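Each chain, written out:
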Amino acid sequence: MELLPIIVFLPFACAAVALLTGRYLGKWSGLLMVGAAAASFVMALSLFLGSNAGHAGHAGDTEGYTQGGHAGETAVEHGEEHAVAHAGDHVADAGEHVGGHVGEHVGGDVGGPALYNLTWLEDAGTNLSISLRLQGDSFGLFFAMLVSGIGLLVGTYSLNYIDTTIGNGRVGRYYAALIAFMGSMLGIALADDLFMLFVFWEMTSITSFMLIGFWYGEDYAKKGAMTALQVTALGGLAMMAGFVLVGYITGTYQISELVSNTELQDKLMASPLLLPTLLLIFAGAFTKSAQWPFHFWLPGAMVAPTPVSTYLHAATMVKAGVFLIGRMLPIFGASVYWSSILVPIGLITFLYAAYQSLMEHDLKAILARTTLAALGMFMFLYGLKAGEQDALQIWNHAMYKAPLFLVAGIVEHATHSRDIRELGGLRKKMPITFVICCLGALSMAGLPPFFGFAAKESLYGHLLSNEVLATGMWQNLRWPIIGACVLANAFIFAVSWKLILGLFAGKETEKAHHAHEAGISLWGPAAVLGTIAIGMGLLATTGFTQSLVNNLSSAEHAHAHVTIIPDFSHPGPLVLSAITIALGITIYLSRRVVNVFQFAMAKVLPTMQSIWDRFMNTSTAIATAYSTKWQNGSLAWYMAATCIAFVVFSWIALHQGGLGLHSAEINMAHTPWYGAALCGLLGVAAIMVTKAETRLGGAITLTATGFLTSLVFVVYRSPDILLTQILIETVSTIFILLILFHMPSWKRGGPRPSRKLIDMTIAGAFGATMTLFVLLMTTPALRAKANLAGEYLSRTYTGGGGQNAVNVIIVDFRAIDTTGEIVVLVMVGLIAFGLLRSRRKNNGAIQTATNTVSKPGRHDNQESTKP
Amino acid sequence: MIEHSPILRTVARFTVPLTVAMSVVVFMQGHNLPGGGFIAGVLAAAAGATYLLAFGVVRASKFSWWRLSVIGLLIALVTGVVLGFVGVNFMDHTAIEWVVPGIHYHLHLPTATFFDLGVYLIVFGTLMTVFVELGLEGR
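Respectively, the protein sequence lines represent chains A and B. Per the working numbering, numbering of the first sequence is gapless, rising by one per residue and ending at 867. Per the working numbering, numbering of the second sequence is gapless, rising by one per residue and ending at 1006.
It cannot be assumed that every hint is accurate.
[Claimed, not checked] Just the calculated beta-carbon pair ranges, DEER-fashion:
no. : chain 1 : residue 1 : chain 2 : residue 2 : range
1   : B       : Ile-874   : A       : Val-689   : 28 to 34 Å
2   : B       : Val-925   : A       : Phe-646   : 51 to 57 Å
3   : B       : Arg-934   : A       : Lys-603   : 53 to 59 Å
4   : A       : Ala-623   : B       : Ala-888   : 32 to 38 Å
5   : A       : Met-688   : B       : Ile-963   : 47 to 53 Å
6   : A       : Gln-631   : B       : Ala-888   : 42 to 48 Å
[Claimed, not checked] Here are some of the chain B residues that sit facing chain A, going by a computed Cβ distance under 10 Å:
no. : residue
7   : Ser-872
8   : Pro-873
9   : Gly-897
10  : Val-925
11  : Ala-927
12  : Phe-930
13  : Val-937
14  : Leu-940
15  : Ala-943
16  : His-971
17  : His-973
18  : Thr-980
19  : Glu-1000
20  : Leu-1001
Treat the hints as calculated values from the structure; they're not laboratory data. In this text, all values refer to a predicted model and were calculated from it rather than measured experimentally. In this text, a Cβ means the ideal position worked out from N, Cα and C, and glycines have one as well.
Chain A on its own, in the form it takes in the complex (with noise of 0.2 Å):
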């Protein structure tokens, strides 16, 4: 069975159920994140479980995997030992999977990755199709495990953390963003085409948008989650920019293509629209994932409730656009661009949020600044390409992040404060969270025997052995490199300290009193995090940890070195270890000093923030002044726009064409004398529309000329457009009538000669215009040249199925822009709908409080309605 679709399209009927049924299930629509969440993780398990056992037999390496299945059986002691509900099941289902399954497959010759491939649209001429293609690789299944597993536990977490007092509805609404974007980033993950992954990329942007603004009504939440939306939504579209330059220098979207054939990442590096395609791309991740001098959207986010800043802004979303780089790695990696672009804004976005993160107060504030830390830092190891250590680290930082989200939104529970000054002694009240709390501190402080310490070791070990660092002109920067990361990471050392005493050592503060410790919903999935953070650093020890990285990592033969046991024959990574420790103390131990300079330097230096705000500010007010003069809603002047830019676009377009009134030819030979009487009356009922001195007048003129074109139609055969055009008449009579008694009557006399002129001027040029259309459509000359009444005609019933050829282009061989249309048409009935109605109330109101209406305002917004 095709596993790879149903983990992407299962979330997202999900998302559908809890929308329509969300107003009943209330907040037991949750447990449809759980049965989605719970779904895909054990379908992307089995996918990555089945094909990495078909990779090592094809490659014959059965060493490292015998050492899985051996490390597996440990992995079922652990999860017994520590009856953690789901840890323990999902772990020990691990540990069968790992040490079952892999040595039954074990010299299998079924070898790579899943695929599966859905063509959507294909264009024979240029071979570029946009395809729904997946693909389940290693990293793409880890990055598909790490969301749909951190979806359960944040899932379980939510069903007693939203207060249900707002509204079945509004949580089922929650939950179905939440569920869509899990199905999103699933995607992400999978996606083998470019353009699936920007469609995917976008709707995480629209729909952590939904959930960023989740408290609508406020003001802080709306300006949150539009920052959000502007900045990631803007490098969405430059990434989108970026793919097409890729298709255009190579000819093909699928990403594994691209990964595998050298020849095509030659063409790449040879391109001299290398750099901009590069830009492009990295302006994608650069916004998503937060980096310098994009950042300042993350710590806006968290506004939103802490199990959405836990999954979107800590654990999965911010991590796309590090895991784009991570796709793009293999495919750009060789190009001269990539590390000097990626290192130096990682660099800075690490040791400049590690900083910042010392400065705040907020629990939620101090995590999002260590987060944008983290995210830097897998950044700037691309930038080495460090492609071997990204599992290691993204996991790592997901194990330690998410259960400090959980954490600060249990605290926040029982305490109704987040801010770490009102806080305190917590320990005594909350014996749970605290354990907890340490867990993930520890783990993110890098102490032993923690994951975090494994990770940070292999990450010193790795800079000290980078090829890139050893090379050209990065030789000289080495040291000051390895030293920055030593400072961010004692900056973390510092506030991972300073988030466990400021919680729970010291004095019970009042906020503190009232405290009481959570149920098990709440710390259960915490625990369960908290767990891995550990147990993951204690099986470190027996080799497990190691070849699991390696196998889950985006490099092909990955082989960073995980342990938490010191190699003193290798002393560097202890040294920079224990350098880093010292440091951190000493951050710690002066942090008001510390604090007293940064505050004096944020004082001094502006944020990136305003200096966004002042560019959207701007952009808003070029584009205010241009609509107000010229979208100033009057009628007349749309008209006559549209008229002006038709007969000029049209006269240029046939003067490429090597057409003009030359090339017309009448012919009346086969004219029926009532059509020439036709024609006559139409001419007179069209002179009668200029003459009318009422709108009633006009109204009815205007019907008549519209009666007698369909005259025209039965002289000419054509009962099709005969059909819509009386239909149509019949209707807009009916539009006319409905709004004729609302409209002010017109001026006596009516408009000044200079604006009749101008009228006439531009009414004639586009009826000569029309004219000459209609006289050329009829010229046979013309007629043999272009025939694409004949080709249509020709198609109707092989192509289409039908004998009627003005509805089959209609429905089939034009259906994406009958589907644009019709979209629009639904948008007009349903904007027509909301403005007059809450008009009306609003109308209402004011009728009742003063009893007067305003005329002029009901005229303004009559005409804007007139379809």
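Since the structure of chain A is already known, use the hints to place chain B on it.
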């Protein structure tokens, strides 16, 4: 508004159902003969407008007409997407051919019909929404 004309009411009792039936016929024959979703939708809306003028806008506003157009849009889009999944290009139509067992009736149902049904509902729903809302304005 002209709401209390007994003549219009009497006539409408006959013409409204007739026009609706007509619109269904026009829709059904659309693929081979003059007609189709758009025209049929406008025709149905004309019937709706007659009803609205004869029996008053309040009765016509009991139903949320915009829902019809949203359902129509969903039908049209789902048709396109489903086609994508059965191996035809997105929005590139095919026909369902089925010989009904027993009576040997050959059913030729182009998938475009479903798309056209969407168009019909959208045109009908949107026009009725605007009619009803404009009608309510006048009160």
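Status of the hints after comparison with the structure:
1. Between B/Ile-874 and A/Val-689 the C-beta distance comes to about 30 Å, which sits within the given range of 28 to 34 Å.
2. One distance hint, 51 to 57 Å for the beta-carbon pair B/Val-925 and A/Phe-646, is violated here, with the actual separation near 42 Å.
3. Range check, B/Arg-934 to A/Lys-603: about 56 Å between beta-carbon atoms, so the 53 to 59 Å window is met.
4. In this structure the supplied range 32 to 38 Å is violated for A/Ala-623 paired with B/Ala-888, their Cβ-Cβ distance being about 50 Å.
5. A hinted range of 47 to 53 Å holds for the C-beta pair A/Met-688 and B/Ile-963, which are about 51 Å apart.
6. Against the hinted window of 42 to 48 Å, the Cβ-Cβ separation of A/Gln-631 and B/Ala-888 comes to about 43 Å, which satisfies the hint.
7. The closest approach between the C-beta of B/Ser-872 and any C-beta of chain A is roughly 13 Å, which is over the 10 Å cut-off, so the hint fails.
8. Evaluation of the B/Pro-873 hint against chain A yields a violated restraint, the C-beta minimum of about 19 Å exceeding 10 Å.
9. Evaluation of the B/Gly-897 hint against chain A yields a held restraint, the C-beta minimum of about 5 Å falling below 10 Å.
10. Because the beta carbon of B/Val-925 sits about 13 Å from the nearest beta carbon in chain A, more than 10 Å, this interface hint is broken.
11. For B/Ala-927, the shortest C-beta to C-beta distance to chain A is roughly 12 Å, which exceeds 10 Å, and the interface hint is violated.
12. For B/Phe-930, the suggested interface contact is broken, since its CB lies about 13 Å from the closest CB of chain A, more than 10 Å.
13. The restraint placing B/Val-937 at the interface with chain A holds, with a minimum CB-CB distance near 6 Å, inside the 10 Å limit.
14. Checking B/Leu-940 against chain A by beta carbon gives a least distance of about 5 Å; that is within 10 Å, so the hint holds.
15. Hint status for B/Ala-943 relative to chain A: holds, with the closest Cβ pair at about 6 Å, below 10 Å.
16. For B/His-971, the suggested interface contact is broken, since its CB lies about 21 Å from the closest CB of chain A, more than 10 Å.
17. Given the 10 Å rule on beta carbons, the hint for B/His-973 is violated: about 13 Å separates it from the nearest Cβ of chain A.
18. Proximity of B/Thr-980 to chain A holds as hinted, the smallest CB-CB distance being about 8 Å (cut-off 10 Å).
19. At about 4 Å, the closest approach between the beta carbon of B/Glu-1000 and any beta carbon in chain A falls short of 10 Å, and the interface hint on this residue holds.
20. Proximity of B/Leu-1001 to chain A holds as hinted, the smallest CB-CB distance being about 4 Å (cut-off 10 Å).
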